[in-house]
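2 protein chains.
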Amino acid sequence: MVERLQDFSRLAIHTMTFKRLDLRTIVSLFQKHGVPGITVWREHIHDIGLGEAKQILRDSSLKVVSLCRGGFFPSASAIEREKACVETMKAMDEAKEIGAPLLVLVCGAEPGLPLAEARQQILDGIQKVLPHAKSLQLCLGIEPLHPMYADDRSAINTLEQANNIVTAIHSEWVGIVLDVYHLWWEPWLQSEIMRAERKIMAFHVSDWKTPTTHLLNDRGMMGEGCIPIRQIRAWAEQAGFRGFIEVEIFSERYWNSPPDEFIQRIKDAYLRYV
Amino acid sequence: MVERLQDFSRLAIHTMTFKRLDLRTIVSLFQKHGVPGITVWREHIHDIGLGEAKQILRDSSLKVVSLCRGGFFPSASAIEREKACVETMKAMDEAKEIGAPLLVLVCGAEPGLPLAEARQQILDGIQKVLPHAKSLQLCLGIEPLHPMYADDRSAINTLEQANNIVTAIHSEWVGIVLDVYHLWWEPWLQSEIMRAERKIMAFHVSDWKTPTTHLLNDRGMMGEGCIPIRQIRAWAEQAGFRGFIEVEIFSERYWNSPPDEFIQRIKDAYLRYV
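So the protein sequences, as listed, match chains A and B.
Here my numbering is used: the first residue of the first sequence is 10, the next is one more, and so on.
Here my numbering is used: the first residue of the second sequence is 10, the next is one more, and so on.
So here's chain A without its partners, still in its complex pose:
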């Protein structure tokens, strides 16, 4: 049996979980409620500018867990592929500026571009930006996305695929972002988590609701759905993961709820279901 979490020392929340708020308000909210970790989305930086974002985070007691997100490598156009690499390197610079040790990569896909080509372009793209990551001493985390996003968000749809890329690239700076929402259904999830071992660089939680009414913005609170979150956390910890547990919920319903109530629900669900 897996033990419950006893306190909030490993709790982090994504700024996108509070999509409608600005970074300053989010940081205050997290501090008020004793949430120690934050994963910052670039949208929340760009709204106010990097300088101000950096200042807000530095003045806070929050630990910046990661920056979301770089990647989106594949394209039928070589110019677009080059742009994606440049943009990802820019995101790396931002990550370094705000003190994030990790940039999350959503690898990308393009409708009509064959998945086999997209997958090769992703490998090529990561290789291309890797020297910049090394020079910054910044980790890159490949986040496999659910297969329902294989059309336009990511051609990397299983942990097995992500593990294969990480194995192929063979760099201490490239690892895995494990999100239970994307991977809970994967047939050999347990063994792929053990295979990933210390390469697991981040762990995201939310839940899969039945029914799910929207492909993007109907994620559930932990405990509202069918994902065996605690079991998957146990596997990740067996594999050696000791980092933050990041709550990443895209939900029109929660985005429209009062932030103080929502964050309290997150904390309750965190202890009960994670």
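No wet-lab data here; the hints were simulated from the structure.
Ideal Cβ placement from N, Cα and C applies to all residues, glycine included.
A couple of the hints might just be wrong.
Simulated coverage check for chain A against chain B, where a stretch passes if three residues somewhere in it have a Cβ under 8 Å from a Cβ of chain B [stated by the list, open to error]:
id, region
1, 112 to 125
2, 144 to 157
3, 167 to 178
4, 227 to 237
Start from chain A and add chain B according to the hints.
Frame of chain A; chain B shown alone:
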């Protein structure tokens, strides 16, 4: 390069593609438009009764390709699991009655029931109904469903999993239903299709639209989306598949369109994109 289809001799359409029409109307429509094959959903039989359905199909020139659907094996309750087997055997009897050589199995899943258990229960369920299939000389086709249906429709979500089950069961009466909508994203789809070989008992087509606005009823017409349908057909044929190509489109949009126009669009898309 893969050749286009030259005629409609291998075209079949699912009755559920015309969900709002009754079986008699659907059969007339298919005959009027020169569609030679039909896959019948049980809903369309039960609306009018098995006797009348059988009569309508026998009086037509249509070839019944398969009956949809049995399965839904997993449950936390042993009584429910038993019921699912009984219902699946009843579906087999109906298949035999209407002259369908194949019953499509949607294997089932139950929110909260661990997927590993659901997967074992599916294997057990198929083993349980297999003697009945043998006695009827009826094929059972395991249809892996897209991972977005792993919560409540099927715990079998990749061709690889389905191939593993078929290998384990090792019976001439159990094979694969390959639906491009469910499997197009699968990382090693080509090699799993070759592995399935002559075990491919049916081939379903539709398309994945970007964006997809509903998890169940927003499938696209062939050519409207990103699925490399012709490529996947070519692989299936390399593997030895020579059967009907079945158009299975669940779409509120098309269900609300005039049937004659819709079927003409299907025929056009069939020659252009399949």
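Going down the list of hints, with the structure as the test:
Residues of the region 112 to 125 of chain A lying with their CB closer than 8 Å to a CB of chain B number 4, which satisfies the three-residue condition for coverage. Coverage of the region 144 to 157 of chain A by chain B holds in this model, with 3 residues showing a Cβ closer than 8 Å to a Cβ of that chain against a need of three. Judged by the Cβ-Cβ criterion of 8 Å, the region 167 to 178 of chain A is covered by chain B as claimed, because 3 of its residues qualify and three suffice. For a cut-off of 8 Å, the count of residues in the region 227 to 237 of chain A with a CB near a CB of chain B stands at 3, and the three-residue condition holds.
Against the hints set out earlier in the document, no violation occurs for any number.
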